[in-house]
Amino acid sequence: MSGNGASSSSLNMISGEDVVNNNLSALVVDDSPLLRLLHDIHLKKYGLKVQVAENGKVAVDLFHLGASFDLVLMDKEMPVMNGVEATKELRAMGVTSMIVGVTSKDGPGEQQAFMEAGLDYCFEKPLTPEIISFLLEELNKHNNKN
Amino acid sequence: MAGSSTDPTQQLNDYIRTMHDQGILDDNFDQLLALRREQNPRFITELISMFTNDAEAYIAEITNALSLTEVDFSTIISKLHQLKGSTSGIGGHRMYQACCELRVAADDGDKDRCDELFLRVKEEFNTLKQCFDSISEMRRNIISNGTRRRRRRPL
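Respectively, the protein sequence lines represent chains G and X.
Residue numbers 1 to 146, in the UniProt record's numbering, belong to the letters of the first sequence in order.
Residue numbers 1 to 155, in the UniProt record's numbering, belong to the letters of the second sequence in order.
No lab work stands behind these hints, which were simulated from the structure alone.
None of the values given here were measured: they were computed from a predicted structure.
Ideal Cβ positions, reconstructed from N, Cα and C, are used throughout, including at glycine.
Certain hints may be false.
Interface residues of chain G toward chain X, partial, derived using beta-carbon atoms under 7 Å [what the hints assert, rightly or not]:
id: 1; residue: Leu35
id: 2; residue: Val80
id: 3; residue: Met81
id: 4; residue: Asn82
id: 5; residue: Pro126
The calculated EDC-like cross-link candidates involving lysine to aspartate or glutamate, where the alpha carbons are at most 20 Å apart (straight line), are [stated by the list, open to error]:
id: 6; chain 1: G; residue 1: Lys88; chain 2: G; residue 2: Asp70
id: 7; chain 1: G; residue 1: Lys44; chain 2: X; residue 2: Glu46
id: 8; chain 1: X; residue 1: Lys129; chain 2: X; residue 2: Asp30
id: 9; chain 1: G; residue 1: Lys49; chain 2: G; residue 2: Asp70
id: 10; chain 1: G; residue 1: Lys45; chain 2: X; residue 2: Asp30
id: 11; chain 1: G; residue 1: Lys44; chain 2: G; residue 2: Glu137
id: 12; chain 1: G; residue 1: Lys45; chain 2: X; residue 2: Glu46
id: 13; chain 1: G; residue 1: Lys45; chain 2: G; residue 2: Glu138
id: 14; chain 1: X; residue 1: Lys129; chain 2: X; residue 2: Asp110
id: 15; chain 1: G; residue 1: Lys44; chain 2: G; residue 2: Glu54
id: 16; chain 1: X; residue 1: Lys129; chain 2: X; residue 2: Asp112
id: 17; chain 1: G; residue 1: Lys44; chain 2: X; residue 2: Asp30
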């Protein structure tokens, strides 16, 4: 599963009520105000603290300023700095957050190029509650191991 | 529509199902309805308003870009990407597909095809707006019916 653009039907889902996380933080990086709002609402439903950024440069600058997030939802196409560049830069900085790419329904080639920038997962936008549940479950497993 | 009902909630559900059947709405809109129950009562209205305002602005910018002597395909692609994202988020399935087709034409730098496909994007946007207007009207009826029933209750 890791490193693939999985679909929601192939994921082992658990109920959203099982993954309420009061200690996790997320950064939503998307140039669409509507999608930022939707993802913000979905993540807050699970108890995450959420910040938003309208492009990759804003996201990278936040990390440069010392911010840290458990989860980053990264749109691919954005002005100023796109998701591929931002992901590469974050990984080069040593950021180990779970970075999840969100792309348009434009084909597997688009997801593959994005994955190679350093994503943990890549899904079509907008993310569904089922996919968010899956990501939070993976995040919890990862945090429990450390 | 089989089995038409006078119950406003059932009418709304039937209408949304019809919009799904016609491909105008998809599952992403249903996700928003599910979120509505946990948010403020005007959540859907505010989201639709946000979508409509943003979409009109993007469409205006694409119109300008297409009208230039030297067509600005870069702006078209940029604004179309944002329009696609918003449309996908709100669950406007046919409009999203129209945007995807326009994107291909813009990538190819084909002005004539862009003009033709942009017309379809605008048509689908108008269809989607009418759909949302109908849904908003039905929801207002549901709310006002609920208010009237509560007022009739004996003290």
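Structure-based check of all given hints:
Nearest Cβ of chain X to the Cβ of Leu35 (chain G): about 5 Å, under the 7 Å cut. The hint holds. Annotation: interface hint on Val80 (chain G) violated; nearest CB of chain X at approximately 11 Å, more than 7 Å. At a threshold of 7 Å, the smallest CB-CB gap from Met81 (chain G) to chain X is about 14 Å, leaving the interface hint violated. Hint status for Asn82 (chain G): violated, given a least beta-carbon distance of 10 Å to chain X, over 7 Å.
Restraint check, Pro126 (chain G) versus chain X: the minimum CB separation of about 5 Å is within 7 Å; hint holds. Proposed proximity of Lys88 (chain G) and Asp70 (chain G) is supported: the alpha carbons are some 17 Å apart, at most 20 Å. Only pairs whose Cα atoms come within 20 Å are accepted, and Lys44 (chain G) paired with Glu46 (chain X) is accepted, the gap being roughly 18 Å. Taking the CA atoms of Lys129 (chain X) and Asp30 (chain X), the gap is about 17 Å. The hint holds against a cut of 20 Å.
With a C-alpha separation of about 10 Å, the suggested pair Lys49 (chain G) and Asp70 (chain G) falls inside the 20 Å cut-off, and the hint holds. A C-alpha spacing of about 17 Å is found between Lys45 (chain G) and Asp30 (chain X), which places the hinted pair at or below 20 Å, so the restraint holds. Restraint check for Lys44 (chain G) and Glu137 (chain G): satisfied, since their Cα atoms lie roughly 15 Å apart, inside the 20 Å limit. At roughly 18 Å between alpha-carbon atoms, Lys45 (chain G) and Glu46 (chain X) fall within 20 Å of each other, so this suggested pair holds.
Of the supplied pair hints, the one linking Lys45 (chain G) and Glu138 (chain G) holds, its CA atoms being roughly 17 Å apart against a limit of 20 Å. Simply put, Lys129 (chain X) and Asp110 (chain X) have alpha-carbon atoms about 28 Å apart, too far for the 20 Å limit, and the pair is violated. Taking the CA atoms of Lys44 (chain G) and Glu54 (chain G), the gap is near 18 Å; set against the 20 Å cutoff, the hint holds. With a CA separation close to 26 Å, the supplied pair Lys129 (chain X) and Asp112 (chain X) exceeds the 20 Å bound.
At roughly 19 Å between alpha-carbon atoms, Lys44 (chain G) and Asp30 (chain X) fall within 20 Å of each other, so this suggested pair holds.
Of the numbered hints given earlier, the model fails hints 2, 3, 4, 14 and 16; all others are met.
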